[in-house]
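Line by line, the protein sequences give chains C and H.
Mapping of the first sequence onto the UniProt record's numbering: position 222 corresponds to residue 222, and the numbering continues sequentially without gaps.
Mapping of the second sequence onto the UniProt record's numbering: position 63 corresponds to residue 63, and the numbering continues sequentially without gaps.
In case anyone wonders, no lab produced these hints; they're calculated from the structure.
Don't take every hint at face value.
Unchecked claim - Chain H stretches covered by chain C per the calculated footprint, using a threshold of three residues with CB under 8 Å from any CB of chain C:
#, stretch
1, 29-36
2, 254-261
As the list claims (entries may be wrong) - Simulated restraints, written as ranges between beta carbons of each label pair:
#, chain 1, residue 1, chain 2, residue 2, range
3, C, 172, H, 134, 52 to 60 Å
4, C, 129, H, 182, 26 to 34 Å
5, C, 79, H, 182, 28 to 36 Å
6, C, 79, H, 187, 37 to 45 Å
The model shown is predicted, which means the values in this text are computed figures rather than measured ones.
Where a beta carbon is used, it is the ideal one built from N, C-alpha and C, also for glycine.
One letter stands for each residue in the lines below.
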Amino acid sequence: MTATTGELAVRTRGLRKRYGQLDAVAGVDLSIRSGEVFGLLGPNGAGKSTTVEILQGHRARDAGEVEVLGEDPATATRSWRGKVGIVWQDESAPGELTVRETVRHFSRYYPNPRQPDEVIELVGLAEKAGSRIKALSGGQRRRLDVALGVIGGPELLLLDEPTTGFDPGARRQFWSLIRQLAAEGTTILLTTHYLEEAEALADRLAVIAGGRIAAEGTPAHLRESYSGEATVEWTEPDGSPRSERTTTPTRTVAGLMRRYDGEIPGLRISRPTLEDVYLRLTGQESAR
Amino acid sequence: MTTTDLPARRATSERLPGAWSLGLHQGALELRQFFRQREQVVFTFAFPIVILFLFASIFSDDVEGAGITASQLYVPAMIAAGIMSTSFQSLGLSIAIERDEKVLRRLRGTPMPPSAYFLGKIWLVLVTGALETVALLVVGTVFYDIELPADAADWLTFGWVFLLGLTGCALLGIAISSVPKSARSASSVVVLPFLVLQFISGVYIAIDTLPGWMLNIGALFPLKWMCQGLRGVFLPESAKILESAGSWEYGRTALVLGAWCIGGLLLCLGTFRWKSRGEG
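Construct the complete structure from the given sequences, taking the supplied hints into account.
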């Protein structure tokens with residue numbers, strides 16, 4: 001191990017997992033620094049959940065190295081579990097208990113839990129604290145899941161598609177919760193297939209497709225490195241639209257200026273958005 | 001005492017909470033959940049009482065030479081079946097459902113020691129099993145001429161048959177919960193063997209009318225011995241002649257039930273799964 005290991009909350013090298021004939025995870029290298037919010041972005045079936053489940057210690061890997069908070073999750077100890085908070089994609093909590101009973105009970109499992117009422121407040125369930133879980137809406141249950149994920153005061157929080165099924169308002173509320181946890185120093189790994197979510201929350205993100213990391217970096221870095229080509233669009237004198245993809249749009253426009261006297265009709269120069277980059281990296285470009 | 005009283009988070013203490021006290025909390029929570037599901041409560045407690053009422057009313061003749069009525073035979077039998085239903089059946093079903101609904105997986109993601117979970121289940125089963133037994137004893141003494149034993153030795157026997165039987169059946173229930181692939185198939189996987197055992201262990205049909213090979217199979221499992229031990233506690237000595245050995249065989253009963261407790265524990269430790277099959 002190198003000296004940098006200490007600063008990494010998560011480190012994987014050559015991570016692999018196979019289901020039958022399918023390489024769900026085909027050699028993933030991840031380095032997540034302590035204190036950062038890391039987004040793992042990819043379409044359904046790209047290998048996000050499998051990767052996260054291996055990091056949680058809930059799925060065995062076929063090959064590769066994994067270190068989460070300095071330990072191999074496959075042989076995790078109780079004290080390790082106390083430092084890692086998990087929010088799964090699909091969850092259920094016993095429906096007959098109230099929100100407060102459940103959160104309070106889960107706090108007992110941890111050596112240094114947060115205050116249950118404070119956590120209920122944090123996820124915006126204060127008004128529902130006395131309600132039975134079976135009476136909660138889907139979004140409220142999800143918030144309870146988050147509450148149970150953070151009740152132990154984790155150093156690392158692993159969230160697998162936490163906002164799937166949220167309405168836009170609830171999603172914004174959830175984002176501010178994540179920012180607050182990050183500000184408190186919690187390292188956060190979240191998977192999502194919502195690009196705007198990754199862009200809004202993540203300090204760095206990795207795009208995963210077909211079980212491999214297709215690109216990695218800050219959102220701005222990704223946009224710059226993968227959006228070199230601009231599209232120049234204009235209208236020909238006969239009225240037909242033309243477009244050209246180029247890495248040198250200025251030269252294209254200069255050429256057009258020589259052909260047209262004055263204004264170039266219908267001129268438009270566009271750079272790909274992060275979404276275009278994402279769709280190209282994940283091989284979904286034609287979907288647009 | 002709760003850990004929530006800690007003044008600040010990230011306190012200096014890194015001590016993980018102990019399994020025993022967590023198990024007590026877990027048990028309290030299990031009981032709260034159980035009693036909040038009113039339908040389940042009514043069904044769980046009413047079922048053995050209804051069955052006792054049916055059988056003890058249909059078959060009420062004197063048993064020749066034994067000095068008892070057939071109704072009296074059904075009381076200890078249904079107490080044994082009640083103990084098994086609150087332990088084996090209810091745990092087999094509820095744990096299969098908790099596994100299917102990922103409640104177990106979530107618990108596995110916390111630093112909860114697994115023993116706290118099992119302790120919680122044991123408290124649940126102890127309380128519900130005791131309540132079930134009391135209810136059946138009330139029905140038995142009021143309607144079917146069962147007399148509560150007068151001497152302490154019988155109560156002691158009752159105590160260990162109850163505890164060993166309940167524990168063995170609870171462990172078997174935990175073990176069988178890992179067999180069904182989903183919550184939907186759990187009821188057939190759990191209920192059928194329980195039903196068969198009740199027939200071949202002398203719960204519904206008196207043991208002296210069962211074919212020998214059936215009795216022999218039944219004798220491999222705890223239920224037969226629980227029935228026999230409880231007959232020894234609640235029936236007069238004259239009823240001994242109905243037993244295949246002509247005696248209550250307390251020693252052998254303790255041996256078989258004790259063996260099931262140890263074997264059941266090993267089985268649970270070796271086979272328990274926190275996730276559904278096929279979930280990796």
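Please name the hints from earlier in the document that this structure breaks, with their numbers sorted from lowest to highest.
2
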